[in-house]
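Q: Protein chains in written order, with the working numbering: chain F, 1 to 99; chain S, 1 to 238.
In case anyone wonders, no lab produced these hints; they're calculated from the structure.
Since this is a predicted model, take the numbers as computed values, not measurements.
Here a beta-carbon is modelled for each residue, glycine too, at the ideal position from N, C-alpha and C.
You can take every hint at face value.
Which bits of chain S does chain F cover? Going by a derived footprint, with three or more residues having C-beta under 8 Å, they are:
id, segment
1, 32-42
2, 53-65
3, 75-85
4, 100-107
5, 113-120
6, 182-193
7, 221-227
Taking beta-carbon pairs under 10 Å as the criterion, some of the chain S residues facing chain F (in silico):
id, residue
8, Ala72
9, Trp202
10, Tyr236
Pair by pair, the computed Cβ-Cβ distance ranges are:
id, chain 1, residue 1, chain 2, residue 2, range
11, S, Pro79, F, Leu96, 31 to 41 Å
12, F, Leu10, S, Trp220, 15 to 25 Å
13, F, Ser3, S, Glu191, 31 to 41 Å
14, F, Leu96, S, Met215, 30 to 40 Å
15, S, Gln238, F, Phe29, 13 to 23 Å
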Amino acid sequence: MTSEAEAVTLAIAGMALVTYATRAGGIWFMSLIRSPPRVEPFLRHLSSAVLAGLVAAATLRGDVATGLALGATVITMALTGRSLLAIAAGVISAALWRA
Amino acid sequence: MTAGAPVRTAEPLATFSWRGIRRGVRAMAPLALVVLPLGASFGMAALQAGVGASWALAMSATVFAGASQFAALELWRSPLPIGAICIAALAVNARHLLLGASIYPWLSGLRPWKRHLAVTVLSDANWAWSVEAHKRGERDVGVLFGGGLIMWVTWLAGTALGAAAARSLETPERLGLDVLMPAFFAAVLVEGRRSRADYWTWGATAVALTVAASMVPVHWQVLVAAVVGGLVGMAYDQ
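Start from the sequences, fold in the hints, and give me the full structure.
A: See the structure below:
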């Protein structure tokens, strides 16, 4: 295996392990202890924050089309609640702006 | 794979049967259809990010978590930041911990190995449906597993289709496909909002990111900003 293939294998394996840990961690943790303290609110907000960070990073890095597209996605999502429609609105907005 | 299990909690019983699995598959099948184009968008985005088709498939098969997979694509570059990718996956998927914890009373009726098998395909959609089913009296954990299974299959199929289609696309930017990943995050983000605290979380994260952009290496900016955002959101709630 090339070193690049090794790196990719490690990355994917790591992601898989970590993700399974998040899936099993809840039931494992609950079997040890009864009531989690402030962990729950933090985790809830953390997931939301990571997504927000990724969107913000893409906006900062991107061009006008990116900003327009994400704006369209957010508005469509807020108005319709349909994620596929919202994503399509974003992609189409970017394509139209660049045309 | 039929089982009753010795009762250890207040829950009357929990089972894990083939019949339950089939029920879960049938219940989630319509939603799984929607997962197909989502998987395809990941497959296409993966190829655009420089991830090979077979790697994309391997990722979809073993991780089966869209948001974190797209996040990995955001971080994908040479040399590969393995640590940052894994930590990002941990952070983005952290909500699974709550999903699992919330169904523990039900699952605790099963033996540990069955519980741990059932959650391998835990995700928002089949969790939500199973919780609803449990309220209606469903006790077969197979519905959770079956629902997850069908979504896993369509996620894989979608990834494969997307990866195959991507080969024929020449200018993804012209088609606006480079915003596909961020758009997916944005849609999930908006869908997940629950209270005013979320707006504070988003705002704090955006500010923290702008500040971090000049202080912290690229791959860790989002993580640092997200921790700040998460703390702000938690503080607002209190």
